[in-house]
Each structure stands twice: as structure tokens, then as C-alpha cells.
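With the hints as your guide, set chain H onto chain P.
Those sequence lines, one after another, are chains P and H. The opening residue of the first sequence carries number 1 in this note's numbering; numbering runs sequentially from there. The opening residue of the second sequence carries number 329 in this note's numbering; numbering runs sequentially from there.
No lab work stands behind these hints, which were simulated from the structure alone. Heads up, a few of these hints could be off.
What the hints assert, rightly or not - The following label-pair restraints were derived from C-beta to C-beta distances:
#: 1; chain 1: P; residue 1: VAL67; chain 2: H; residue 2: GLU494; range: 31 to 39 Å
#: 2; chain 1: P; residue 1: ALA221; chain 2: H; residue 2: SER432; range: 37 to 45 Å
#: 3; chain 1: P; residue 1: LEU109; chain 2: H; residue 2: VAL577; range: 22 to 30 Å
#: 4; chain 1: P; residue 1: ILE54; chain 2: H; residue 2: ASN402; range: 37 to 45 Å
#: 5; chain 1: H; residue 1: ILE623; chain 2: P; residue 2: ASN55; range: 37 to 45 Å
We treat Cβ as the ideally placed atom computed from N, Cα and C, and that holds for glycine.
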Amino acid sequence: MVRNIVDQIRDLKNDTVFINKQARYIHIFKSLLFSTFKFIILLGISFIILGPIINIISNSFFSSSDVYNPSVFLFPLRPTWENFRLAYLRLDYWKTLGYTLLYVSGLTLIQLVITSMAGYGFARFDFPFKKLLFACVIITIVLPTHTIMLPLYQHFRNWDLFGILQVITGKKYNLLSKETPMYLMTLFGTGLRSGLFIYIFRQFFRGLPKEIEEAAFIDGAGMWYTYFRIMLVNAIPSVVTVTVFSMVWQYNDMFYVRLFSMPTSRNITFRLSTLQSTVMFLDQIKDPMISQLYVYAGVLLVLLPILIIYLILQRYFMEGVERSGIVG
Amino acid sequence: MKKRLTLRQKRAITGFLFILPWFIGFALYYVKSLIQTVQFALSKIDIAASGGYTATFTGLDNFKYAFLEHAQFNQVLVNSLIDILLDVPFIVFFSLLMAILLNSKFKGRGLVRTIFFLPILLGSGAVLETLELATQNIQGGAAAMSTEMAPVAGVNVDYFLSILLEVGLPVRLLDFIVGLVGGIYEIVRASSVQIIIFIAALQSVSPSLYEVSKIEGATPYETFWKVTFPMVSPLILTNVVYTIVDKFVNSQVVDIAYSTAFTNYNYGLSSAMSVISTVIVCLILLIVGGLITKITFYYN
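Chain P extracted, bound-state conformation:
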């Protein structure tokens, strides 16, 4: 009897069909385990990211009686639009948003043209000191902007076109409290993280085949024509990448806005930072627990437009990241 079982086991060990089956089940089990594990991790981290947002959304609908009601969690008992109404009013929403979007898209457009030009120049042409100059681009990426903030502040406080204007009109111009300094810096390729964008474009253009340009050149296209009509069109993936980054960062930027003391009324994110005190003083809502609700509503109002832009562009954006770019 015992001998019989041992024989059977030995038979099974040599039975390839059985072994294959066994291997397949182990494999299925393993991959099932792995995907469960992956699912849990992704779910957890998505929750970490979304948690505060969910919290903000639910809080922005709280009425003042819900705040002090300990039994209220996530779902308000008396949901209200009041927070949004007041935040909307105090932000002067459409006007401020319009100004901000105009400002941000203007800067993004300039930044796209200037940085892609520089990236193309570095990728395709040979000129003396090219390596040294590109090292300088890397320096502008790495160097924290706050190191040069004071001279920049002074520069735009007493602005002058290479000392020419002073000779003619006898005075210097104060460009602060306007958006002009930011436009100027962006126009000269040193705006918000321009160095990074130059780097991205250069990597992308280096990856494009040279034959495109050679064909254009033989067909009689000039170098500028080639660039604007052919290369830039081919670079759409990285153009989208840069557009998304540039818009989002400009929209959120506070450093330059503060440094150049731009007017609060025109910049929506800057205005958001003063929303709580505005509500406290103008509407006499002194309790921070309650005035905070208005801030939450304001945050949602401010985030919404950039979120929409991001969601529209994000499909192309991911494609751009995958096909281009950043790596080369």
C-alpha cells in the first residue's frame, strides 16, 4: 500500500503535464498577488494626494453651524453656497481671473518662442563657445533665483536701457508694481525656469532626424523658415509639455509676483493669499474657523481654471513626455 503511494508520487514528479499545470497556477497566483499589491499601493497614494482635496471640497460647503458640530464629518448637515458666493465676490473673480489668464498666457507664449529658439540653436548649430554657453544654461537651472533677487529688484526699481534713457530724459524708470519686469525677463529667456525649458527643447531637437532640415534646405527654405514652419511643427509634443509646465508654474508663482510687488488686484493666486484677511475685515467674520471656510471655497475657485486647462492638455502632455523630450 505504502509502496503504491510512493510510486504514484514518483509518477507525478515525472508527469510533465502535471508539472506544467502546477507552474501555471503558481504563475497566476503570483501575478494576482502582485497586481493586488500594486492596486493597494496606488490606491493608498492616490488617497494621500486626494485626501486634502476631498477635505477642502467638503469643507467649502460647510455652513457655520456645521463647523462646531462634532458629529459632522465630510458631509455637511446644512450645505450652503454662501462660502462660494462671498469668496467669488471678494476675489472679484472674473475680472481677476481674466487679468491673470491674460498675463499667464502672454508669458507662456513668449517663453515658448524664446526658449524653443534657444534650444534649437544649441541643438543644431555650431558656434564658438557653444559648450561653455550651454553650461551657463545649466547654471541658470541650478542657481536658486533668490540669490539674485536683490540686484533684480534694484535693477527694475531704477530701470534704464543701458544708460541711454537717462541721457535723453534725465531720469530712471520705476518698473515695479507692474508686470513689465516679468515680461522683460521672459523675453530675454531668463523667466520662470526658462533654463529648464531650453534644456527640454534642446534634448528634443537633438533627437529629430537631420534629414528633415537638409531636405528643406535643398528645397530652398531659409533657416528661419525651416525653424518656424518645419521644426516647431515637429516639436509639438515638447511644445505641449513646456506649455503645461510653464502655465501651471506661472499661475502658481508667488516669488516673482511678490518680488516685483505686482498689484494684488490683478493676480488671482496673490489675491487668494489675502482673502482670509479681506473676509475678516470687510465682512467682520473674525472667527478663523469660519473665515477658513471662505478660503477653502476660494482655493477651489482659483484651482478650477488651471485644472480644466491641465485636464484638456494632459493627454497630449503624457504623450509628449513619452515621446520627447525630457530624456533625449
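Chain H alone, transformed into the frame defined by chain P:
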């Protein structure tokens, strides 16, 4: 008679024209400003009512003051640097892991990716500051962290901690764990751009390498260390540099330098602080860069 340019020279000139706007900006805003910053740091600046200023050379006085007499600078500088150095490995490793997960195919990948890049929208600038201010108004800074976690999860964190303490875990270890758990949100928030860079890197790895390793019978673990890791290693350097700079720009050292300049109007001291912190960070970047370049594998 005008000498005709060769094609090579023509191309050189065109190329230079392409980068000209950037070059002007670099010379005007970066080089000039850097020189001026050093100059400010070495002098005492008096600001005139008209907005101009006069600089009197004082040598290293500002540096001495920042190191020896200023109440907070030393402490803040050291704390920020330690924070940066501790967080960078976590962020880079985490973002590599996430990039690998997000790069594999599964249902709902687009949605998950969108969620993962949300912190780019949320994590910077005004929105964050406003929220922090709002929380601080209620709690005061230190308590803000635990409240940030607690209401979101709907769990009483203190209760769990007390259980762990009763079990007999050493307080020091518990502190470390709490710090790490509290820091997860920070790490997730700070690693979106790095995840994007790593995904781009993973996409550029040629599939034939994976095929070969599969045929040769490599386990996934071996494939990771022998194929994936070497192929993305050049981007590890990029990410480390990006993370260090990003963390540094958002650190408290910058806040101190900023408030010294625009609240106390002490330009000289502020510039000295900027110069000190920048030099230290550049040294760190050089050392870290040197170390990482040694383990980096270049395909070509």
C-alpha cells in the same frame, strides 16, 4: 570687395542669433546680478528715499554677523540642509518606484496618472501658503501636521500612538516612524516632476533589452537591477539635482533671506545669507553629482 562667408560661418551666425535673446538676458540679469550680489554681501547698503542706494565696503562683516550673531540663521541653515539630505533619497527612490508602477499597463492608468500629477497644481505657491496659513490660524504651526493627517483619514492618530507606546516600542523609534508617516504626504507632493522624468526615461528603454533578458531567463528582480536601473541611471542624477534645488528654493533659508531684505531692509546681510547658502548647496550638488556619476551607466 566684400568677402563672402562660408556656409559654416553663416550657420554659426544664425545659430548665435537663435540663442541671442537668452544670451542678452543671461548677461544682463544673471551675470550682472551675481556680481552685484557678491558686492552687496561685502558692503553695508544704505537705501536712499529716492530708491537708489549707497554701498560702503565693509569686508566680511555681514558674513560674520550671519554666522556669529544672527539669532536664527545658523540653526535654520543646518536644519534645512539636513532636511534636504534626508528627503532626497526617499523622493528619488519613491518616484522611481512609482514611475515603474505607472509605466506598466493596467486598467485606469490614465486616471491614476492624472491623480499623481495633481500635486504639480496644488503643491506650489499661493494655494499651499493660503492653506497653511489657514491651518496655522487655528492650530499654530507645530500641531498642523497631525491635524492634516487626522481629519483626512478619519482616524484618531493619537490613539494608535498610545497603543504603540503601551506595547513598549522605544519613543525614539516611534518618533522616527511618525516623522516618516507624516512626511509621506510631503514626499508624494514633492515627487511629481521626478515621476514624469522617470516615466520618460523608462519609455526610452528599448523593449529588445527586456526581451533578451526574458529569453535568457532572468527574474523580474534581476531584470530591474541589470536592465532598468542602469538604463535610467543617467536620469537619477537629473532627478537628484532637481530635487535638491527644488527643496532648497522652498526651504526656510530663502524665507529668512527674503524677510531680512524686505522687512528689515538689510540688503547686505540678506545677500550674505544668499551667498552662503548658495555656495553650500552648490558644494553639495558637486559632491553628490560626482558620487552619482561614478555609478551612472552611459549607453553610448
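Verification of the supplied hints:
1. VAL67(P) - GLU494(H): 31 to 39 Å: About 33 Å separates the Cβ atoms of VAL67(P) and GLU494(H), which means 31 to 39 Å holds.
2. ALA221(P) - SER432(H): 37 to 45 Å: holds (43 Å)
3. LEU109(P) - VAL577(H): 22 to 30 Å: holds (25 Å)
4. ILE54(P) - ASN402(H): 37 to 45 Å: holds (41 Å)
5. ILE623(H) - ASN55(P): 37 to 45 Å: Taking Cβ atoms as reference, ILE623(H) and ASN55(P) lie about 41 Å apart, which means the hint holds.
Checked against the numbered hints given earlier, this structure breaks none of them.
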